[in-house]
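Student: In the order they appear, the protein sequences are chains D and S.
Numbering-wise (my numbering), the first sequence opens with residue 1 and increments by one.
Numbering-wise (my numbering), the second sequence opens with residue 1001 and increments by one.
Derived from the structure by calculation, the hints contain no laboratory data.
Every residue gets a Cβ at the ideal spot worked out from N, C-alpha and C, and that includes glycine.
The reader is advised that the hints may include incorrect statements.
[Claimed, not checked] Beyond 12 angstroms from chain D on every Cβ pair, some chain S residues (computed):
1. 1002
2. 1010
3. 1035
4. 1050
5. 1062
6. 1064
7. 1065
8. 1102
[Stated by the list, open to error] Example chain S residues on the side facing chain D (calculated, C-beta under 8 angstroms, incomplete):
9. 1007
10. 1017
11. 1019
12. 1024
13. 1048
14. 1052
15. 1069
16. 1072
17. 1084
18. 1097
19. 1103
20. 1105
21. 1109
Chain by chain, the residues run as shown.
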Amino acid sequence: MEGASYQRFPEIKIREMRDDFMKFELRKTDSSMANALRRVMIAEVPTVAVDLVEIEVNSSVLNDEFIAHRLGLIPLTSERAMAMRFSRDCDACDGDGQCEYCSVEFHLRAKCIGDQTLDVTSKDLLSSDHTVTPVDFSEAPATEDATDNRGIIIVKLRKGQELKLRAIARKGIGKDHAKWSPAATVTFMYEPEILINDDLMESLSLEQKKDWVESSPTKVFDIDPNTQQVVVVDPEAYTYDDEVIKKAEAMGKSGLVEIYPKEDSFIFTVESTGAVKAPLLLLNAIEVLKQKLDAVRLPEDSVDADDFGELGAHMRGG
Amino acid sequence: MNAPDRYERFVVPEGVKKVSYERDTKIINAASFTIEREDHTIGNILRMQLHRDPNVLFAGYKLPHPLQYKILVRIHTTSQSSPTQAYNQSINDLDKELDCLKSAFEAEVARFTSDY
Ligand SMILES: [Zn+2]
């Protein structure tokens, strides 16, 4: 039985887009959808992260579990994660979590021989799969003497100290452990609608106008040097702090400005850890949300059965 | 030592149904749906989508307890519809909205990369 559709047709506009950052406008939908996308991007888009560490030699100053924890937090490129299996429901390895469908193996060997301290970094973590490697944001190919591009430091070794280990990276989600979250931050704000009462504003002296413009903690308003009129320079700088509204009231000019959040218009910022590129993070979030909805759908036959039940209830005087 | 496994929060245990519903015994066309291992992400979009359906007289959800990994969705409809029908319709509409969002975003990425 197919009912009428009450679907929405959202619109999207990208403002900025890089591999690790994206800013976009989402319109013609409501805050529940905006928040669902935000929550999924943070906690439910899968990535790959180190989950099991076997330490062979560790004579460093950090203990084994400290190092294992640090390894887990290193972002690994996870473009492939959506297609991978979770170890717990992998048939190929009986949930062992050590096969090619659900895991990636890493090796790390480092020993300090000289008098100089040796930095063991994410670059020393050698992957068995070239698609899953520690995230590297440096643009140019690494030059040998580049001091500013040595990856993420895991531990520092002094003369004679050694670290030798095998690590297994597995697919997971941020809900399980934050190390699997592909998002550094995801935020959205309502786009503000700022309406200035022009007549009331013109009743203010230039000095009063300046005073009022200054009352906003962020630079939302300014005074046009030619016309001496108050203009909105940056509506999105407004933090919903109500300061300008309170100021207007204090000046005896209530209703000088009205500010509403547009209920169907959002400005998103997405910062990625680098595990999944920011634009792909949104696409994956949409996909994950679709899968979640699919899982909670009632089978068609149980819906039809319910209609019969309803009829039966009527007939029984229900 | 006796902490529950972290995956308890999102993996439906064996023998437990993901969605079940129970019709109200007193009110016709009202039912409570129990959705296992879901939270505000699904609960809130479902509720808001159900509110767009004029045949839905009431739709609400709750997360009964943060350590009980399930949500309860309650729906009351007019006789023109039924709770199960409204429920599935809202899921279908959300699914189509996401399809729409996906293609809109892909088109926007293409436009953005060609412009800059
Ligand atoms: Zn496996």
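Student: Going back to the hint list, which numbers does this structure go against?
Tutor: Of the numbered hints, 2, 3, 4, 8, 10, 12, 15, 16 and 19 do not hold.
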